[in-house]
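Given the coordinates of chain A, work out where chain B should sit on it, guided by the hints.
Number of protein chains: 2
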Amino acid sequence: MNKLAVVKIGGNVIEDEEALQSFLTHFAQMKGPKILVHGGGKKATIMAKQLNVPVQMVDGRRITDAQNLDIITMLYGGKINKNIVAQLQALGCNALGISGADGNAIQAVKRPVKIIDYGFVGDVTGIHAELFTILLEKNFTPVCCAITHDQKGQLLNTNADTIAAALAQGLSQHFEVSLWYCFEKQGVLENIEDATSVIETITPKQYKKLRAAEIIHSGMIPKIDNCFEALEKGVLEVKIGAPEMIAGNIQHTTLILDDE
Amino acid sequence: MNKLAVVKIGGNVIEDEEALQSFLTHFAQMKGPKILVHGGGKKATIMAKQLNVPVQMVDGRRITDAQNLDIITMLYGGKINKNIVAQLQALGCNALGISGADGNAIQAVKRPVKIIDYGFVGDVTGIHAELFTILLEKNFTPVCCAITHDQKGQLLNTNADTIAAALAQGLSQHFEVSLWYCFEKQGVLENIEDATSVIETITPKQYKKLRAAEIIHSGMIPKIDNCFEALEKGVLEVKIGAPEMIAGNIQHTTLILDDE
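One line per chain: the protein sequences are A and B, in this order.
Sequential numbering from 737 applies to the first sequence in the working numbering.
Sequential numbering from 737 applies to the second sequence in the working numbering.
Just so you know, not all the hints are guaranteed correct.
Which copy? The list can't say, so a pair holds if one copy fits it or any two copies do.
[Said to hold, decoys possible] Straight line, CA to CA, 20 Å or less: simulated SDA-like cross-link-like pairs of lysine to any residue: (1) 959 <-> 898; (2) 959 <-> 926; (3) 888 <-> 758; (4) 779 <-> 803; (5) 874 <-> 864; (6) 888 <-> 753; (7) 779 <-> 789; (8) 941 <-> 992; (9) 888 <-> 761; (10) 959 <-> 949; (11) 888 <-> 755; (12) 846 <-> 889; (13) 785 <-> 803; (14) 779 <-> 802; (15) 874 <-> 910; (16) 778 <-> 803; (17) 888 <-> 764; (18) 779 <-> 746.
Hints in this document: simulated from the structure, not taken from any laboratory.
Predicted, not measured: the structure shown is a model, and the values here were computed from it.
So that you can see chain A by itself, here it is in the shape it has in the complex (with noise of 0.2 Å):
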């Protein structure tokens, strides 16, 4: 099977133009079959501010009313995802940026509400697996904004992490999926305090000892369990770190299942 690098790149890379031209260079020279899957970060929010457009914030999170979820749409689905795909283009990578709707690319459900309302926002239930094996064999690049659809017409505000995720699962029948987490930090840390305490390689073994030493705790729990089920779901394995990582040479944090 070919392999296949899923990347993840968060807010802090999207919202700082030379580290986003920095990580495009890189991501752009990357060999072989690759994703990209982007969110907006904090731009939303400023536009928000700019529209006059109230935001609701529920435990952190963003409530995506049909204001919002145009300011979202614009952002992601048109500026962020147009100004990459114009840029790795002029690096020499053929890009095409696509949402969920897009060849109905990602499904997704609008989020149940139990106690509280998100608003337009996706639970993800499938990827179009052939539109995205057609692309890559064809030498594109599927740049993904973090919107997806309800095959109803509606669009849907996703998380970011999630739809990397969906898509490595989906397309682990096809590929050897490499799944890259690309953050703020190096990667998991021994000690939060220092940034070059990074954990080399964690198996669920090592992952159930580091929980109960509660080196991992709260918020990182369920985005390593999310891990650990798209490895269980057939993804080779999951990377997390610095987005220099995908240039090689520089320490992160790679999850696989154990060899046994």
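Relative to chain A, chain B alone:
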């Protein structure tokens, strides 16, 4: 050769939610390979006002500075394109939205400055026919917004009529192409006061007569000239009329070369 319809919708359709819905329903039902091309009508000007971005017009043409380009990219490439795609998907049409940067679909150069500097405005130099043939063969329907790129990382605001003509010409080696221009009238009118006086067919010979009689004059001349240029470059026919013409059974104007 397979038939292909390249359909361009004008701002009057984009600006009217009901008209757009009706058009998309008809468009989804059109049989065979098809491409949709759209701009954004007056929506960019409205959004510029909301964001306090000055809009400079010279001789009825917009000057596209960096801020206005951002607005156009957000609206045309983001909000309008992604919502059209999601609605077509709901109607059973496997739409896939792209700008000219995506997959290097439509290449352009920044318009050279002669007397007026139009800013980030693109003059089309070529299309990536292979991208479109791949998508069409796999039953995807490309939905193109009126944005191109210069292959050096710069997005460019580009006339939607020109994009439609460039696509129709560039794909006429692979398909028998009909180019459809949907606008606010039922076609080219014999008498501007009488909306039903649609001229059914115009050949170059008749065009000369219509110009001599000043039935076709001023703003229509460059438009019709462009249509005949497309025909000379291999397009089978150009159809001009109201959006409903794509459903058939409604009068419109067809431009063809003489049967000599």
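Right, here's what the structure says about each hint:
With identical chains, the CA atoms of residue 959 and residue 898 are at most 20 Å apart within one copy only, with a shortest distance of 10 Å there and 47 Å across copies. In this assembly of identical chains, residue 959 and residue 926 lie within 20 Å of each other by CA distance solely inside one copy; the values are 16 Å within and 67 Å between copies. Taking CA atoms no more than 20 Å apart as the test, residue 888 paired with residue 758 passes between copies only; the shortest distance there is 16 Å, against 38 Å inside one copy. When the C-alpha separation of residue 779 and residue 803 is checked against a cutoff of 20 Å, the pair qualifies both within a copy, at 15 Å, and between copies, at 15 Å.
For a Cα distance limit of 20 Å, the shortest separation of residue 874 from residue 864 qualifies both inside one copy, at 16 Å, and across copies, at 13 Å. In this homomeric assembly, residue 888 and residue 753 come within 20 Å of each other (Cα to Cα) only across copies, at 17 Å, whereas the closest approach inside a single copy is 36 Å. Taking CA atoms no more than 20 Å apart as the test, residue 779 paired with residue 789 passes in both settings, with 13 Å inside one copy and 18 Å between copies. Within a single copy, residue 941 and residue 992 get their C-alpha atoms as close as 10 Å, which meets the 20 Å cut-off; across copies the closest is 72 Å, which misses it.
When the C-alpha separation of residue 888 and residue 761 is checked against a cutoff of 20 Å, the pair qualifies only between copies, where the shortest distance is 13 Å, while the shortest distance within a copy is 37 Å. Taking identical chains as interchangeable, the C-alpha atoms of residue 959 and residue 949 lie at most 20 Å apart only when both belong to the same chain, with a minimum of 18 Å there against 73 Å between chains. Proximity of residue 888 and residue 755 under a CA criterion of 20 Å is satisfied inter-copy only: 19 Å between copies versus 37 Å inside one chain copy. In this assembly of identical chains, the alpha carbons of residue 846 and residue 889 lie at most 20 Å apart only when taken from the same copy (12 Å versus 35 Å across copies).
In this assembly of identical chains, the alpha carbons of residue 785 and residue 803 lie at most 20 Å apart whether taken from the same copy (12 Å) or from different copies (17 Å). In the homo-oligomer, the alpha carbons of residue 779 and residue 802 lie at most 20 Å apart both inside one protomer (17 Å) and across protomers (17 Å), since each shortest distance falls under that limit. For the identical chains of this complex, residue 874 and residue 910 are neighbours both inside a copy (15 Å) and across copies (18 Å), given an alpha-carbon limit of 20 Å. Taking the shortest alpha-carbon separations for residue 778 and residue 803, both the intra-copy value of 16 Å and the inter-copy value of 19 Å come in at or below 20 Å.
In this homomeric assembly, residue 888 and residue 764 come within 20 Å of each other (Cα to Cα) only across copies, at 14 Å, whereas the closest approach inside a single copy is 35 Å. Taking the shortest alpha-carbon separations for residue 779 and residue 746, only the intra-copy value of 12 Å comes in at or below 20 Å, while the best inter-copy value is 31 Å.
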